[in-house]
Each structure stands twice: as structure tokens, then as C-alpha cells.
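**Q** Protein sequences, first through last, are from chains A and B.
The opening position of the first sequence corresponds to residue 1081 in this note's numbering, with each subsequent residue numbered one higher.
The opening position of the second sequence corresponds to residue 597 in this note's numbering, with each subsequent residue numbered one higher.
Please keep in mind that the hints were generated in silico from the structure rather than gathered at the bench.
Listed next, the stretches of chain A that the computed footprint assigns to chain B, with coverage defined by at least 3 CB atoms under 8 Å from CB atoms of chain B: (1) 1153 to 1165; (2) 1206 to 1216; (3) 1242 to 1250; (4) 1262 to 1275; (5) 1325 to 1332; (6) 1422 to 1429.
Ideal Cβ positions, reconstructed from N, Cα and C, are used throughout, including at glycine.
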Amino acid sequence: MARKLLLEKAHVEGIRGYEVYRREGGYRSVEKALKTMTPDQVTEEVKKSGLRGRGGAGFPTGMKWSFLAKPEGVPRYLVCNADESEPGTFKDRYLMEFLPHLLIEGLIVSSYALGSKSTYIYIRGEYAWIPDILEQAIEEAKAAGWLGKNILGTGFDCEIYVHRGAGAYICGEETALIESLEGKRGNPRIKPPFPAVKGVWDCPTVVNNVETLAAVVPIINEGGEAYSKIGVGKSTGTKLLSACGNINKPGVYEIDMTISVEEFIFSDEYCGGIPNGKRLKACIPGGSSVPILPANLLLKTAKGETRMMNYESLADGGFPKGSMMGSGGFIVLDEDQCVVRNTLTLARFYRHESCGQCSPCREGTGWMEKILKNIEYGKGKMSDIDLLWDIQRKIEGNTICPLGDAAAWPVAAAIRHFRDEFEWHVQNPVESQHRNFGLAHYADPLEVVPA
Amino acid sequence: MIKFSDEKLKKVDEIIARYPQGKQKSALLPLLHLAQEEFGGWLSVETMDYVASLLKLEPIEVYEVATFYSMYNLKPVGRYMFEVCQTGPCMLRGSDQIIDYIKQKLNIGVGETTADGMFTLKTVECLGACGYAPMMQLGKHFREHLTPEKVDAIIEECRKNAAANN
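One chain only, chain A, in its complex shape (with noise of 0.2 Å):
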């Protein structure tokens, strides 16, 4: 069993109130770091635990954090990113709807280590109810003098804040955040200047996903060398994964990034393998902008490796032949589902939450849904298969931020790797519209190639 360092206390009975999250060892990193360690000490160990951001980017959090500008007499802001809207993600909903306590200690901790003082979770629009659950662990963190003036007698002042937005994927770029924070629309800014520079309201701002904050918690208690031996590599600490698709557990798992990607599609402690004895096909590993792998090159790389669940692991190969961690979401395609569908909606989801601001963007994500709209109901040519690739490279690294790579990628890497059912959709317009084109040779072992 791997070790738990998020939701170790998932199950306990009462956890989200305050009484029992603190009975169970809640909110000792906060003490521990207001009395026992400067700001800057935090700021150390954060770094020494090897941490990457948890939201997909995987960037070191404590590198990051050393970055931001500290000009006197000019506040600093942490926010933190809970707009989760990653097709495939949904772990940090599971923090925040189980865990509230978690991620207020987390950002209480990740607070006094930037000087925070008015810190911001800006959250998903959708998920309606669960600010009503933050807002009473925040009520409840306050009640119990974790929050508010002079927390702990240090001089240290502090108050978070829900901020609910409204149904915009953008959103989760950071600088597209910090604008919908500010009141606007969620339209990206050019960098520089970096947000560590000037961020939110032109202030030095610091955004984290969740689970980066979340993982502050456990970092500052059990130190951060002790943190950066669990995992492998730089792939430090544990990640939370969020498995759906076509598998017989579906849910959030916490994993120590040792496991192999077999194994934790197949074993009944995570995935538990694939409904009705249906074969696997391809998986998308770390959420729908990342590339899509057909079973033979998901489960080996291409030097015959068993492939492992880690950011290193999961990108052996590059974009031609692997994949990336990304934001843990963890989408299984069983040999009933059709690659150019699938590829179909996920190409619409990002013509739909395209801002609009970059023309190769807006354009772009346009065209490819409709080409792909035209393969799928069978009245693609031989020839869109070209054009569908030569947009999306046309698109990708053309834009402010990277939603035009995220639309980019998953048309390309069903391309590369599933071809030949594009061909067939083309070539077979009237059969592909009630049967699709199968496994094939998806999971045909494949020669290695020596390294």
C-alpha cells in the first residue's frame, strides 16, 4: 500500500469539521512554521521537497515562490487555483469537498511564507456548493485563532477569501485568472511581466493549484528532505490521480510515483482493470490536453521499459512517444471507444473555452472541430487528415497562453498514433457511422528500438 500524505485522513468520520481534522493532528504545520520558522525558512524547505505544481505544469513550487518580488510598503497576494476545468481532473474538488481543513492550513502555512495577508481561492463556477464548505473551515480555522490578527501571537495577520467564477476553462491559466479575479474577462496577459512581479491589482501574486498548497501541510511537518525521498527522481512527494473512463473503480487515488502504469490501470487498490473483460486501447495519462497513447506504447516506452506513473516516466519519449503527467487526470479508452470521437469532443471543448484573443486559437480550434465533426459523420476527406495536422501545428506555440498547445496536442497524438482509424472513418463513411474501427493492432506489442 503507498504511502498517504493528502488524504490519509480521507475516511475518518467527521474529518471536513473542525473538531475532528484538528484531533487528528490538523493544523501542527501552522504552528510549527508561525513559531518555529521564518518566512523564508519555509519558503526553503518548500524547496528542499522538491514539489512541483501539482495543476499540470509541474513547475518547483518553491522556485517559483522565490520569485516573487517583495517591494516595500506594496502588498503580496497568494491565490489559489481551484478552477480545476481539465477534462479527466477532478482531485481537487475531492480535497476541498472532503479535506476543506487541508487546504486551509496549507494556505494559512503557504500564506506566511509569501506575506500574504488577503489570500484568494479562486474556484470553478460549477462547483456551487463547495465554496458553502470552505467558507465555514475557514469560519471555524478563524474561530479557533488560526486565521485573522496576530495568529498565534506571532504579529502575523491573515484572511482567505472564496472568490466563485463562472464557467470559463481559461481560467485556469494563471494570468486569465487573475483577471477574472479582478473582475474582467478571463482573457490571458502577455509575460512578462510575470504575475510574481505584477499580478493581481498590479500587486506581486503567487498562484498554486490545490493540491501544491494541500501538499505544504505534510511538507512542513515531516520536513522537506523527508518529503523528497518519496517518489522517484524529481517526481518528489506523492500526486492525487483522477481515474475515469472505461474502468471498474473510477475515482481519486493518492499514488507515491513508484507504481507502474500497469499496474495501476489493472490492480483492484486503484483502477481495477477494465469493465465487461473489454481490452485496453489507449489511455490519455494526465488530463485531455495531454497526448494520447495506444496500449502498446502506455504500458512500455518505446525502449521497452515498463513505463512508471511519474512526470519522467510518463514523458519518455517525447511527444512522438510518450506522453505527459500533466494534471493526474486519467482517462481509459476500452477497445469499444473511437479515437476520432473522442478527439471530436475534445476538440470542441477547446474551440468552446478558446478566449477568443489569439487568432490561430480562435481559428483554429474552429476549423479542427469542424474537420474532425466531417471525419466522424462521414463525409471526411483523405486529405483533411493533412490539413487537420497542419493546423494544429500552425497553432501551437502561436498564442499568449498555452490553451492553444492544449488544443494542439490531442489532435496531433490521435494523428500519430491512430492514423490509420482516420483512414478508416474516411474511406468507410457509411460503416463507421454504426460500428467502430476496434483495438486493430493498438496493442501489438511494438519493436523496440535500441537505445
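Place chain B on chain A using the hints.
**A** Below, chain B alone, put in the same frame as chain A:
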């Protein structure tokens, strides 16, 4: 002319106070949510102008925000809105069939409202319930692991609820 109740106006002040002084524009998204709940489930021009006046904003600043975010309804909607997710992970678990079932059951298309003004069917993109698919949002909450039987029960529940609150 529309106006929040005194109780809601207190809530408005509370929301504005969350943000630094002079940054009351930050309260726009929360106030639009509040206004939509209060004034019939959608944002009319009159409602948006009222919110603008509360925050000392130009009306255009409110319109441009209200038109950007998918949760603000710019047209009247039914008393109960079924917002069914249709993105990849839900599609893999049968959301297409659920959408078809609702269309047939309520005899409306996507984006339409039943003649009695009771139900609106809307398709939405990923709501973060992928592991509990297929799903829909109904008001503040998610309805998950949908089946035709569950959809029937939800429709029944809404009808009962409406009858009890009329």
C-alpha cells in the same frame, strides 16, 4: 425597477469588502451570480445595469463580462436547467445516450425549453465529475452516474418540487 432586498444588499457589501479598497470591480462575478439567482435565473440588461450601478462601473464593463462566462444566462431559461456534460470522459460513459434520452423524454432539443417553461436542456463542457459520469448540473448541485431511470426520477422530483412551491 429591480432592487436587491436589504438582506441581499448587506451580502453585497460583504462581498465588496473581500477586495482591497477601490477594487470593487473584483466583486463583479460574485454579484452577477447573486443577481442571476435573485432575478429569475438570467441576466437582463436591466439586471446588468443595476449591478453596474452597485459597483460604480460602466454598463459595458458588466456586459463584456456577462457575455464571456458560460454560467451567466443572457436569455430566460426554464425553471430547471439540465446542464449535461458531453466532453470526452462523459462521452466514454454514455453521455450521448443520456442527452438523447432527455431530448426524447422532454420533447425538446438542446438549448430549448419545454412549453410549460419548466425544463431547459443545455449541453456543457467538462464540469469536473469525470469519474462519476455521465452527469449533469442541476442548480447548485451535480447529479452523477446518470441512467434513464435516474433521469426519470429527477424529472419527477423537479415536477413535485415545483408543485410544492407554487
